[in-house]
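Engineer: Residue numbers (this note's numbering), protein chains in the order written: chain G, 229 to 587; chain P, 229 to 587; chain V, 229 to 587; chain L, 229 to 587.
Rather than coming from a laboratory, the hints here were simulated on the basis of the structure.
It is possible that some hints are incorrect.
Identical chains blur together in the list; that is why a pair holds if it fits in one copy or across any two.
Said to hold, decoys possible - Using 20 Å as the maximum straight-line C-alpha spacing, the simulated EDC-like pairs for lysine to aspartate or glutamate come out as follows:
{"hint": "1", "residue 1": "545", "residue 2": "497"}
{"hint": "2", "residue 1": "416", "residue 2": "504"}
{"hint": "3", "residue 1": "237", "residue 2": "504"}
{"hint": "4", "residue 1": "314", "residue 2": "292"}
{"hint": "5", "residue 1": "538", "residue 2": "497"}
{"hint": "6", "residue 1": "502", "residue 2": "541"}
{"hint": "7", "residue 1": "312", "residue 2": "432"}
{"hint": "8", "residue 1": "275", "residue 2": "288"}
{"hint": "9", "residue 1": "552", "residue 2": "497"}
{"hint": "10", "residue 1": "429", "residue 2": "402"}
{"hint": "11", "residue 1": "314", "residue 2": "288"}
{"hint": "12", "residue 1": "538", "residue 2": "519"}
{"hint": "13", "residue 1": "312", "residue 2": "292"}
{"hint": "14", "residue 1": "552", "residue 2": "519"}
{"hint": "15", "residue 1": "545", "residue 2": "504"}
{"hint": "16", "residue 1": "502", "residue 2": "548"}
{"hint": "17", "residue 1": "301", "residue 2": "542"}
{"hint": "18", "residue 1": "502", "residue 2": "394"}
{"hint": "19", "residue 1": "502", "residue 2": "536"}
Keep in mind the model is a prediction, meaning the values are calculated, not measured.
4 protein chains.
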Amino acid sequence: MNSFGNLFKVTSFGESHGSMVGCVIDTCPAGLTLNLEAIQSAVDKRKTNQQNFASQRNEEDKVEIASGIFEGKTLGSPIAIFIKNKDANSSDYEALKNVYRPSHADYTNHLKYGLRDYRGGGRSSIRITAPLVAAGEIARQCISHYTNMRVVAFVSQIGSVKMQLDNNFLYQRESIEASVLRCPDSLKSKEMQLLIDEMQKQGDTLGGCIHVQIQEAPIGLGEPIFGKLQAELSHAMFAINTVKGIEFGNAFSNVSLTGSQLNDSFTNEHGAIKTESNNNAGIQGGISNGELIHFTLAFKPISSIQREQKTVDEQGKQVEVSIKGRHDVCALPRAVSIVEAYTNIVLINLLLQNKLSRI
Amino acid sequence: MNSFGNLFKVTSFGESHGSMVGCVIDTCPAGLTLNLEAIQSAVDKRKTNQQNFASQRNEEDKVEIASGIFEGKTLGSPIAIFIKNKDANSSDYEALKNVYRPSHADYTNHLKYGLRDYRGGGRSSIRITAPLVAAGEIARQCISHYTNMRVVAFVSQIGSVKMQLDNNFLYQRESIEASVLRCPDSLKSKEMQLLIDEMQKQGDTLGGCIHVQIQEAPIGLGEPIFGKLQAELSHAMFAINTVKGIEFGNAFSNVSLTGSQLNDSFTNEHGAIKTESNNNAGIQGGISNGELIHFTLAFKPISSIQREQKTVDEQGKQVEVSIKGRHDVCALPRAVSIVEAYTNIVLINLLLQNKLSRI
Amino acid sequence: MNSFGNLFKVTSFGESHGSMVGCVIDTCPAGLTLNLEAIQSAVDKRKTNQQNFASQRNEEDKVEIASGIFEGKTLGSPIAIFIKNKDANSSDYEALKNVYRPSHADYTNHLKYGLRDYRGGGRSSIRITAPLVAAGEIARQCISHYTNMRVVAFVSQIGSVKMQLDNNFLYQRESIEASVLRCPDSLKSKEMQLLIDEMQKQGDTLGGCIHVQIQEAPIGLGEPIFGKLQAELSHAMFAINTVKGIEFGNAFSNVSLTGSQLNDSFTNEHGAIKTESNNNAGIQGGISNGELIHFTLAFKPISSIQREQKTVDEQGKQVEVSIKGRHDVCALPRAVSIVEAYTNIVLINLLLQNKLSRI
Amino acid sequence: MNSFGNLFKVTSFGESHGSMVGCVIDTCPAGLTLNLEAIQSAVDKRKTNQQNFASQRNEEDKVEIASGIFEGKTLGSPIAIFIKNKDANSSDYEALKNVYRPSHADYTNHLKYGLRDYRGGGRSSIRITAPLVAAGEIARQCISHYTNMRVVAFVSQIGSVKMQLDNNFLYQRESIEASVLRCPDSLKSKEMQLLIDEMQKQGDTLGGCIHVQIQEAPIGLGEPIFGKLQAELSHAMFAINTVKGIEFGNAFSNVSLTGSQLNDSFTNEHGAIKTESNNNAGIQGGISNGELIHFTLAFKPISSIQREQKTVDEQGKQVEVSIKGRHDVCALPRAVSIVEAYTNIVLINLLLQNKLSRI
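Extracted from the complex, chain G is given alone in its bound form (with noise of 0.2 Å):
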């Protein structure tokens, strides 16, 4: 259970303090120019130590792929790809070795396997997602083989500052990326930041939500029942830590609303069939329908705080414990990247998918 998609398929693997991260893509079409500068690139975007907000930890995150190319192209084999670790400080853990951080994966691990790698959440690290950046960013480059199709998210809410969505306009990465916290409100972005900065102060963490829209989607991406387009990509959307809810569209304020509200009116557009309002977000019975598809997804903050909190040590004694470590205050800006990559990981596997829906 640690791959991801069918045809582009993708196979995690690796642990926080390991010796490296990685992943293998069984596989990219062969033929494909991969464009090496923009895969070390988004995985740089995702690296930790940007900023205040952000994790102390200083990796180096550089990008190996070792096998699948030749000579610049996809060979049609195995993509393998590998993160070294090498700023990996066990012994920030030490303390924390017998412990189980409240809100983190320590217990359930425990209990489920009977065994734990304690430093740095092991294999539930945030950290195992930068090889999967690397390979989402090969999917994108795939995908842009065959379409116009984009990806783009953004930070639209951080704990309580929320920034004011309007999917008629399709956002730019240019003015997301002109925010450190990625958020295309500058105002807003700004009011996030002091508030990011409080919560330092305080020692605690931040939520948020990323907004995500796929531009230009072509017609008939998703399958009818289990494959529909919103539960593929929920599924990888919940496989990022700290995701606690999606919905596409307006969902949960929709719920209000009446069909005769809410349904889109198709018309005819000189030629081009086109929805007159989108209350579908671009889906209709699990397949994209060529409008705007979007969908906003709710992060709860990070677990891991400085300040003091009670909780259990493996033999069941209670205990106070502060998580000294290097960890973020808010984790979304850093997120938006992973968000990305994953939903490129369903794009490029329905678009091949799409390849044997027909004689």
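Model the placement of chains P, V and L on the given structure of chain G, informed by the hints.
Structural biologist: Chains P, V and L alone, transformed into the frame defined by chain G:
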């Protein structure tokens, strides 16, 4: 992509107006005594034509099991389940043969596959869930063999009428089934019924929310990365028609709170490790921690409304459509059965997975 | 583990004396016009009771397709295929209910699953192949849409009677079907029939060999490692009851020869690259090279003999058994249909796989 | 299609002259204490340059395990295994860059993928088996935790020199390893060596047979249909380069015998059910019956011969080629390691599968 689950894998087949709908379970462990009446009963609860809120298609929905059992016990071979389509009235759909109904799967299916079964939504009909409900009941019986875990789902909101949830409380099936709308809050249930009656007069439809509790779940369900419990659950839930959002716990309102407010401290209660709060809704690091698991689903109103709507036909010509067939005002009470069934399919897979997790 | 194929995946279900046997194809590409008569005809050829060499169970074997087609074309949704069991005479098996028949699957199934359907071999009966032959014919029709590739299998040996093979020659279906034993060598066919008649008198059974040619295969079928063409084919072939050996080309006799004797030199024949010899039997590095693919299967005699045999019952008591039922002397002529069907299922998967191999 | 196994799934990656070859095991159950020296030792036995019969590429083949173990035990997370390519001498292949070597995978790979890594066979090199041998040793250690089952493979024939097999006898590793050619018949081993020496002088190569015994297999390995033990084993075996045939027991010579001659009568030996003969080679109905499982593999001679051969280049021009590189005269002694490893991977999957077969 018509299968779900990796160990107790369910493969769906059938179209709304074909000869039957069905599924194959590959595989349920051998030696389980099946309660066949309970299987029929589960499917009956999903049936249409129960009340005025529901569709008027009058199907017997007799469950036939064609393989995999012998003398009342599972053989360990695939279990094939059929439900014949007897009351399919395709003539209802002749008028719609050439028309793309708004917010339905007609248009997307046609463009994806190059042809479509226009009768009753074909493969995209909610009818295909009937045999899957039977499979879910077999999953439930299998789960009961191993644990006390129970899935309890109910309607918590229809349109704007919303009950107050209390997850310190284990909802009981009796109080849910006491309401024809499957809402355990009897006052709200009546309000919901009034709203449904009103909408029926208006020829309109309603969405809402279903809330799910997984009671007495064992510790250890789910895996750290792509097999996270919430990832598996959400994948299954979004495979249900009209589901557009999911949140575990209060994911969307919790984004405004901080880590220190939301972390669930561990405590030792007379030798048992518990959490003091349950903001993580029973899942930490993607794995169940022994606390109550709960989540909420947002359903859009069903798209078949009797009011006139603007749309286009297959030639792109602008037409008006009014959907006469036999359709629900609100699908949620019936969807409760589907939600429970799919949840049980997820859970039996994860339970079986745990037979392999340790040497 | 009841499925075969990754893209055109066939899931088998059913027991010999249950209500039916069947399978589900997930998925055949949409838009293929199915020749339903050819499907029935393929299944008829597999049927028992054709001649004195074959079992006396008299099944109509009517193929029912319950889903996945609309107005004669595939919908791209799962195709469910059923064949009802009508002439199952379970009373034949009452006497054997408690007995492990020698060289049958009774004992191993019982010890594996803790119970067994003793009627007609249950899941291990050759009867489960009937719907798979229908699936194989759909695979063949799908292959015909893309290429001229044809699978031609025939009986090359029964007992000690063996025909001379010539793989410089493309065997034709007509000459094979001219023989009731499906052996294109008419002289040997007669000898085989005499041997069968003799064995029938003695209450004994015969094995033999089936030879398979894959004619006009395109270049590029198969993958370098676990998806090698011969790996996929042998997996499918050993899924057929009583197959105990397979060789590609003259594998076993060739082990005495040297590399220089066996290497197939490439040559340019008027612009087409061909090999001068074909010792590799059309496969190099696990991938088809455009030459004739051919292999031979060794079948053991079927185990149901009328002669008295020594065995034990479920309590381990030593007993004598004489199998009265209705059984073949030699299953090979019927098995030709199964071999061709399974080969076609392998090939359609590899053809579809090739739609994904290049960007 | 670069993975094998459904529960203990091994995904292969790497090309012969890339930076490394490797694989990922997803997943080995948690809590197994790994013997790392035994893993290295298994890989060393597969290594080239052991003797004059083997290739001269001099690789250290140091096994690196990058994930999935902690303090000597498996974590239940994916185990990534690497072996760096250090002595890859790509200049050997510059001359062959544009040439299709006879009976190699050059031509088929090129036409399938549109490009190829011409250096050392790329993905089709036997070198990719090195990390899979490590995976097989982990499988073996896992098997040893559960049962006494042992896989013992050995060379039974090289060229025309063939030892007499006796499957009433359990061959021991000591007698096999006593021979540099891994043939337990010391006399035949010497004859084989003479033949190899002679062929080396002639610049030619040799094939042969490997025989495999699965000793003390438990009852119940394998499944009735596509998961038959022989189907799974043959799939894995044909994934090994140059394997062209397989027979279980004496499949090919047995086709001349009758059911009454070959059926294995059950007998009660002091309370244990055994068979009097073992013509079924330990498998009935695709499932192990507790008797010795044994099969024989036919290998063609390796294709890299030093003699001049006729072939074509990428432009279709007729050329002469003489393969200078560093190649084996006979790969079989090394292949013994690969055969055992792949067999163990099949067996651990079936053992784990049996944890799920009964309620």
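Engineer: Give a verdict on every hint.
Structural biologist: Evaluated hints:
With identical chains, the CA atoms of residue 545 and residue 497 are at most 20 Å apart between copies only, with a shortest distance of 11 Å across copies and 68 Å within one. Taking the shortest Cα distances, residue 416 and residue 504 never come within 20 Å of each other, neither inside one copy (30 Å) nor across copies (35 Å). For the homomeric pair residue 237 and residue 504, neither the shortest alpha-carbon distance inside one copy (36 Å) nor that between copies (39 Å) is at most 20 Å. When the C-alpha separation of residue 314 and residue 292 is checked against a cutoff of 20 Å, the pair qualifies both within a copy, at 14 Å, and between copies, at 17 Å.
Taking the closest pair of Cα atoms, residue 538 and residue 497 come within 20 Å of each other only across two copies (13 Å); inside a single copy the shortest separation is 61 Å, beyond that limit. For the homomeric pair residue 502 and residue 541, the shortest alpha-carbon distance between copies (12 Å) is at most 20 Å, but the shortest distance inside one copy (58 Å) is not. Neither within a single protomer nor between protomers do residue 312 and residue 432 lie at most 20 Å apart by alpha-carbon distance, with minima of 30 Å and 44 Å respectively. With identical chains, the CA atoms of residue 275 and residue 288 are at most 20 Å apart within one copy only, with a shortest distance of 8 Å there and 35 Å across copies.
Taking the closest pair of Cα atoms, residue 552 and residue 497 never come within 20 Å of each other, the shortest separation being 59 Å inside a single copy and 27 Å across copies. Taking CA atoms no more than 20 Å apart as the test, residue 429 paired with residue 402 passes in neither setting, with 31 Å inside one copy and 50 Å between copies. When the C-alpha separation of residue 314 and residue 288 is checked against a cutoff of 20 Å, the pair qualifies only within one copy, where the shortest distance is 7 Å, while the shortest distance between copies is 25 Å. In this assembly of identical chains, the alpha carbons of residue 538 and residue 519 lie at most 20 Å apart only when taken from different copies (17 Å versus 49 Å within one copy).
When the C-alpha separation of residue 312 and residue 292 is checked against a cutoff of 20 Å, the pair qualifies both within a copy, at 9 Å, and between copies, at 13 Å. Taking the closest pair of Cα atoms, residue 552 and residue 519 never come within 20 Å of each other, the shortest separation being 47 Å inside a single copy and 27 Å across copies. For the homomeric pair residue 545 and residue 504, the shortest alpha-carbon distance between copies (15 Å) is at most 20 Å, but the shortest distance inside one copy (61 Å) is not. With identical chains, the CA atoms of residue 502 and residue 548 are at most 20 Å apart between copies only, with a shortest distance of 15 Å across copies and 59 Å within one.
For a Cα distance limit of 20 Å, the shortest separation of residue 301 from residue 542 across copies, 19 Å, qualifies, whereas the shortest one inside one copy, 50 Å, does not. Taking identical chains as interchangeable, the C-alpha atoms of residue 502 and residue 394 lie at most 20 Å apart only when both belong to the same chain, with a minimum of 19 Å there against 43 Å between chains. In this assembly of identical chains, residue 502 and residue 536 lie within 20 Å of each other by CA distance solely across copies; the values are 18 Å between and 55 Å within a copy.
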